[in-house]
Every structure is written in structure tokens, then in C-alpha cells.
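Protein chains in written order, with numbering that gives the first Met the number 0: chain A, 0 to 131; chain B, 0 to 148.
Hints may contain errors.
As the list claims (entries may be wrong) - Sample of chain B residues facing chain A (criterion: CB under 7 Å; computed from the structure):
| hint | residue |
| --- | --- |
| 1 | ILE19 |
| 2 | VAL55 |
| 3 | PRO61 |
| 4 | ALA93 |
| 5 | GLU98 |
| 6 | GLY126 |
Claimed, not checked - Listing some non-contacts, in silico: residues in chain A with all C-beta distances to chain B over 10 Å:
| hint | residue |
| --- | --- |
| 7 | VAL86 |
| 8 | ILE103 |
| 9 | PRO128 |
Stated by the list, open to error - Some residues of chain A that are not near chain B, with every Cβ distance over 10 Å (derived):
| hint | residue |
| --- | --- |
| 10 | GLN58 |
| 11 | PHE89 |
| 12 | ILE127 |
For the record, the hints were derived by calculation from the structure and aren't laboratory data.
Heads up, the beta-carbon is just placed ideally off N, CA and C, and yes, glycines get one too.
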Amino acid sequence: MSAIEKTVAETPERVEASHEVTREPERYAVPPVDIYEEDDRLVVLADLPGVTRDGLSVQVEQGILTIEGRVARETPGNLLSREFELVPFFRQFRLTETVDTDKIRASLQHGVLRLDLPKAEEAKPRRIPIEA
Amino acid sequence: MTVWDPLRELDRLRREMDRIFESVAPAPGWSLEFLPGRAARRYPRINVAESDEAYVVEALAPGVDPAGLDVSVKDRTLVLSGEKAGPTGVPREAFHRSERSAGRFVRTLELPADVDPAKVRATYTDGIVQVILPKAEETRPRRIEIEVA
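Bound-form chain A, shown alone (with noise of 0.2 Å):
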């Protein structure tokens, strides 16, 4: 990959207000996120370190999906150095009616969350038969 490639994938993405609403971002943590399509569904996987399943919550609303994680532990010791901080992850998603809202579900494993979002009948992809 070239230099110029990853500069711009490491680069966060300007989120369009009309799609996204994130928090103040001095509270919360804006987790890094994976979105791609398979054939029958959406998949998203977000990057949650210290996130437990009881810390987490997934809701759908009105069309919006809200991803939210509390993290409760903290390094122990007088920290010497301290690249990072353990605040709670938020990030909101609006989701079109092509998603099944009813069918989603959601796996957490090694900090990861993972959602499988269905498409809805309608929106898959469907193979038209060619008439002679």
C-alpha cells in the first residue's frame, strides 16, 4: 500500500451531521468502525477495548442505531506514562429501511463487537430471469 493510501485510510472521516451524531468528544470515545455489505446483510465491527457484555448497549431507535460502551477498569499502579484513557465508546449510526431492525444481532469477543445487520426482503439483490 502507498504512503499516500494510508495516510488518508488513517485519517477519521468527516462525519455528515445528517447521518451521525457523536457527543462531545472530550467525554466520549468515538469507536473505530468496519462497516462492508455481504449479499443478505450489513455487517459492522467496532473496535471496544475493555468493553464487557455488561457494559455494553446496542439499541436501535427511530431508525438510529446507537452503539455504547462503559469500561470499567483502570490501569492499577501510579501510571508513569499514559498513551491512552478508558473513557466510555459512543457512536450513533442511522440505519435506511432496508435493514431488517427486528433480525439484528450482536457478538462481543477480544473487544471487538460485531453486528449483523439483515437486509429486508425487499432490499436484496435479486437475480432477474431473462425471458426468451
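Given chain A, put chain B in place with the hints provided.
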């Protein structure tokens, strides 16, 4: 023939400036940077803490297979390495967002004092690596009894 790459030159300059800034940091734990954004690229991000008995190093490494995670200590040098796997088999055009970086990483850390390598323990929970490095006997703080004559 080598091709002159201005981006690489810039990166080299930035690293050099970071090194200079590091040497003038007023206290351990202060991080000064020539340009913002470098800290985010050092991966994984690490906190170092100290108690009387041990050093505790914690690294943020979500999505790393614990089987491929490697922690080693030699003298005062701690090396963390592993691989963060990205989604596999997904074509580029299927991505709406790709913000989570993936790939192999190695990070080396210099410890402030000698530790007992035989007693180092590492755990991986919820995407955080925690390494506990008990201090070597001779570097632990010792209470000196005052004899009253």
C-alpha cells in the same frame, strides 16, 4: 536506483523531531509531538504503571487472536507483538467504512528498572493485554530500620 519519496522524507523528519521532543519532555508520561496524530499511529497504545512490587503494562489491542500474541522480556526490554486480523474475503468495493486498521504489530518498551523475567505474567481480556512485571529484588524499595542507639 532509489526514488526520492517526499512523503517518506517528511515522515523521517517527523520521527526525528519526535525523538528530540522526547528527550526534552519535562517528566515521564509527558508526550510532546512535532505534529499531532503520531500517537494514534503507534500501535498498540500503551499505559505503564508502577507499584512497589511491579510494573504494569497495559496495551489496547482489540480483535487480536490471543494465540498469536507474543510477549517477551529480555533485560529491561519488553516486546509485544501480534496480529490484528481484518475482515477476510470481503472485496474492497463492499466496504462502506474501513477505519479499523489491521495487520502485524511490534512494540518495544524500555522498562525503568530491572524486573524478574521468570515471574512476568500476561493476560488478555476484552481486547486489553495486561503484563505484570515483578521488580527484581534489588530494585524494590526497602524500608531501612532505624536503630536507636
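Verdict on ILE127 of chain A as a residue remote from chain B, using beta-carbon distances over 10 Å: Non-interface label on ILE127 of chain A holds, nearest chain B Cβ at 21 Å vs cutoff 10 Å.
Hint check: 7 Å Cβ-Cβ cutoff, GLU98 of chain B to chain A: 4 Å, holds
Exclusion check [ILE103 of chain A not at the chain B interface, CB over 10 Å]: Consistent with the label, ILE103 of chain A stays out of reach of chain B, its closest Cβ about 16 Å off (over 10 Å).
Supplied contact hint for ILE19 of chain B, tested at 7 Å Cβ to chain A: With a closest approach of 18 Å, the ILE19 of chain B hint is violated.
Interface hint outcome for ALA93 of chain B [beta carbon to chain A under 7 Å]: Hint on ALA93 of chain B: holds, closest Cβ of chain A at ~5 Å, below 7 Å.
Status of GLN58 of chain A, Cβ more than 10 Å from any chain B Cβ: 20 Å, holds
Chain A contact restraint on PRO61 of chain B - CB to CB distance below 7 Å: 3 Å, holds
Hint status (Cβ of VAL55 of chain B to nearest Cβ of chain A, threshold 7 Å): Result: holds, 5 Å to nearest chain A Cβ.
Status of VAL86 of chain A, Cβ more than 10 Å from any chain B Cβ: 12 Å, holds
Distal placement of PRO128 of chain A relative to chain B, Cβ over 10 Å: The claim stands: PRO128 of chain A keeps its Cβ more than 10 Å from every Cβ of chain B (closest is about 25 Å).
Interface hint outcome for GLY126 of chain B [beta carbon to chain A under 7 Å]: 2 Å, holds
10 Å Cβ clearance of PHE89 of chain A from chain B: 15 Å, holds
Checked against the numbered hints given earlier, the structure breaks only hint 1 and satisfies all the rest.
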